[in-house]
Amino acid sequence: MKKNFLLKGGRVIDPARGVDQIMDLGVLDGRMVDPGQVPDPEVVELGGLVVTPGFIDLHVHLRQPGNTGAETIASGTRAAAAGGFTAVVAMPNTNPAADTAGAIEYLRQTAARKGVVRVLPCGCMTKNYAGAEMAGIGGLKSAGVVALSDDGRCIQDHALMRHVVEYASSFGLPILDHCEENTLKASGVMHEGKWSVLLGMEGIPAMSEELMVARDVMLARLTGGRIHIQHVSSGGSVELIRQARAGGLPVTGEVTPHHLALTDECIKSYDTNYKMNPPLRSEADRQALIAGLVDDTLTVIATDHAPHTRTAKLVEFDNAPFGIVGLETALGVVLTKLYATGIMPLDRLVAKFTTGPAAVLGMNDYSLAPGHPADLTIFAPDQEWVVDAEKFQSLGRNTPFHGMTLRGRPRATVVGGQFVFNTLE
Amino acid sequence: MELSWNRKDLLCLYDLSAEEITFILDTAAEFKKVSERRVKKVPALRGKTVVNFFVEPSTRTRVSFELAEQRLSADIVNMAADSSSLRKGETLLDTVKNIEALQVDLIVMRHSAPGAQDFIARHVRCGVINAGDGAHSHPTQALLDLFTIREKKGSFKGLKVTILGDILHSRVARGDLWGLLKLGAEVTLCGPATLVPREFESIGVRVCHDLRSGLENADVVNLLRIQHERQTAGFFPSTGEYAKFFGLNMETVKYLKPDALIMHPGPINRDVELASALADGPQSVILEQVTNGLAVRMAVLFLVAGCVR
Amino acid sequence: MTAIKEIAGAAEVRSAIAGIARAIAADQAVTSGDGEFALVGLYKQGVPLAERIKRELEEHTSLRPVLGELDISMYRDDVGLRSALPLISETRMPFPMENARVILVDDVLSTGRTIRAALDALTDYGRPGLIRLAVLVDRCNPEYPIRADYVGLTCSEDPARKVVVEFAETDGADRIYSAEWRRTFDRRK
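Protein sequences, first through last, are from chains A, B and C. Quick note on our numbering: the first sequence kicks off at 1 and runs consecutively. Quick note on our numbering: the second sequence kicks off at 1 and runs consecutively. Quick note on our numbering: the third sequence kicks off at 1 and runs consecutively.
Each statement offered as a hint is correct.
Below, a list of computed lysine to aspartate or glutamate pairs in the DMTMM-like style, where the Cα atoms sit at most 25 Å apart:
1) B:LYS33 to B:GLU66
2) B:LYS33 to C:ASP124
3) B:LYS32 to C:ASP78
4) B:LYS32 to C:GLU98
5) A:LYS194 to B:ASP15
6) A:LYS194 to B:GLU199
7) B:LYS41 to C:ASP124
8) B:LYS33 to C:GLU51
Everything labelled a hint here was simulated from the structure, so no lab data went into it. Bear in mind that the values here come from a model prediction, so they are computed numbers and not experimental data.
Can you build the whole structure from these sequences, using the hints too?
Below, the structure written as structure tokens:
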């Protein structure tokens with residue numbers, strides 16, 4: 001039986017409705033209602049805290065099936081809840097890959113049994129995300145995918161990519177594209193620049209990303225299909241997306257908290273928790289990403305949560321897998337770097353976690369208006385805390401933020417009217 | 001304050017101060033004499049065990065280390081990647097932890113991944129000496145180059161040193177670079193643009209893609225070996241063309257100062273990066289580099305072993 | 001602060017050195033024979049001491065010893081027990097070691113370990129005809145069966161304290177005193 005709540009005294013930021021004020025909210029039978037309409041409510045005092053629509057992470061690797069030592073749907077969604085996310089888009093590069101209706105069905109059923117937040121399935125664009133043959137996109141749509149992606153790889157065959165974008169558009173599915181040109185990336189392990197040259201590591205030039213972003217922008221123009229650029233890492237990519245959007249093309253872009261916070265210089269410690277793809281780039285790139293976020297070229301902050309086992313990361317930098325966990329540090333990192341520094345106001349940052357990603361998925365009225373599902377994120381914007389990876393809900397400990405003091409921390413997460421994470425009082 | 005040495009690892013000259021580098025060179029000068037004596041051996045590392053762990057194969061560096069260890073009276077075990085459990089899927093750290101569990105005092109390690117030795121050194125009690133980590137660093141090679149230059153030229157202040165060749169893939173170039181800069185030399189990196197990235201300019205070295213301006217008035221030129229596989233990977237069209245435009249030969253040697261030193265870490269591709277006559281000529285200090293390598297490695301082993309608890 | 005205890009002043013040091021020189025000059029086995037006659041000072045303070053003895057000998061006798069300098073760092077048996085390594089000083093043996101008559105010179109004879117290392121080092125340069133040991137101060141607490149042949153003076157200072165010798169040339173004045181060990185760890189462990 002679901003409880004009914006009266007959420008009192010919180011600062012409600014609801015970007016879709018342009019709301020940013022102290023007000024009460026009512027939750028009845030899992031949906032938002034007028035606070036006066038909740039009979040016999042349990043009152044939750046939220047003085048000093050911020051209440052927003054539930055955060056959506058467009059980019060999460062739950063690792064199930066295939067690598068449940070690194071993460072499971074249960075642990076990954078617990079991590080999401082602890083990070084303030086009420087919904088995660090599950091990347092399909094599992095093993096086996098989520099490239100069939102059956103695989104999506106497995107994900108949905110497992111998520112229904114074990115998940116604590118909403119798991120939004122994403123299907124592959126090509127079979128086994130191998131970039132050779134188109135996946136059964138219609139079937140995936142019927143099975144409930146919200147988007148398509150070959151994340152982890154990039155379709156190099158432009159004609160095939162064109163067909164995928166066109167075909168997906170007939171089903172109204174957005175493409176989430178990992179942009180990377182393989183011959184330029186080659187066996188690179190970090191950003192190509194001053195630090196790769198000094199450290200003698202093979203570099204991944206920003207151009208390997210920018211070339212495919214440019215390709216995608218042209219495909220959006222050619223086909224009219226919706227393309228969302230995943231984990232934008234370079235200033236050049238930001239500029240390409242800025243021009244595309246100025247030209248009215250249906251192109252969006254996301255940026256990760258780590259690309260907003262860190263640069264390639266970190267790698268001089270050889271800590272494999274700084275190894276991810278796309279790689280941490282230069283300070284100029286980082287500044288361009290922030291500028292892109294500020295001027296709404298980039299409308300989404302997504303984590304690219306990529307858990308790996310301790311064993312997998314406890315190796316030479318060259319041999320370590322790409323990726324870091326991000327769900328439980330995303331809000332803290334972003335608020336520390338952008339809100340506490342005065343670069344962006346809270347309401348605009350909240351939009352990057354809520355209405356921004358919702359719009360990519362075609363949800364244009366993602367809000368706390370009465371009648372909407374009661375998915376809520378409650379956080380303390382100024383609370384300082386020290387990241388302790390050992391206390392993560394995620395099975396992954398691979399974070400570069402361990403030991404760092406962050407400002408801003410999730411306090412409670414509500415999905416469908418139920419508290420799935422709660423550190424209030 | 002009297003200088004002293006207190007590091008249990010030697011990973012990269014980037015980590016060392018100019019004083020520490022000079023300290024090693026001064027120590028090496030004493031060890032060089034040991035090899036010139038009738039009894040070419042001292043008991044400094046008696047009872048110490050050194051493992052030469054070469055994950056990436058090497059002959060000359062390994063032999064040099066091995067002789068250095070023997071002349072210090074250490075007990076030695078050689079391990080190659082082939083004979084180690086890495087081939088059976090063991091992680092590098094597990095392999096090294098197993099070596100350490102045998103009460104080893106020092107590990108001399110070569111590996112193809114930059115930073116592999118830094119990673120290992122953070123996880124073991126024994127000392128770690130980097131014998132080459134990918135394209136990143138080769139500190140004992142850098143030290144032997146510095147030793148040789150100092151022996152011949154006296155001081156580094158204002159000395160013009162040109163490193164010519166495949167800088168991009170060279171741990172020798174990166175190692176030398178930090179040492180030369182810290183000791184006050186003026187460094188030029190020269191070679192085709194595919195092999196000499198401009199980013200090096202950010203640390204105060206001159207990058208140049210024209211042989212003449214790269215060599216002009218140089219006091220020292222250090223040539224790097226051109227590897228055939230770089231041609232296959234498309235960095236330059238042919239070794240013939242490379243030799244013509246970027247090789248040191250009887251004509252291009254004239255750009256250098258008349259008393260300039262010609263150095264090469266070996267093995268030499270005769271008549272590709274370096275004309276045979278020059279390799280054997282009076283300006284060449286290539287074999288002295290080899291001799292000095294032994295002294296420098298003895299010094300490093302001695303100093304590092306002295307700080308392993 | 002370190003409690004310093006004076007053991008000998010300038011006059012006593014000078015007469016001790018003169019005494020060593022006299023004893024050497026009186027030692028027939030040393031003063032005559034084939035091979036070089038050499039004074040080899042051990043770093044650090046054995047080196048200036050050897051020079052002083054040489055001067056004494058040249059002033060008062062017809063002996064003309066060659067000077068050598070020896071750093072025994074490479075021969076120590078305590079590698080890894082010290083917190084940091086000092087720079088090795090230059091070893092100079094500017095004479096043929098074969099059949100040489102060598103007098104090792106050190107400022108203080110304490111446990112005998114330094115001299116043991118010095119004997120190893122010396123014999124790696126060749127096969128001397130004879131080796132003697134001259135010290136300015138004998139602390140009379142040997143741990144190894146090593147005794148000096150020529151002793152300037154003896155003292156029975158607490159082994160927990162160190163005995164320091166200073167010379168006018170390098171330290172401003174000749175003197176001998178005892179002090180606490182500066183480092184906290186036990187060097188003999």
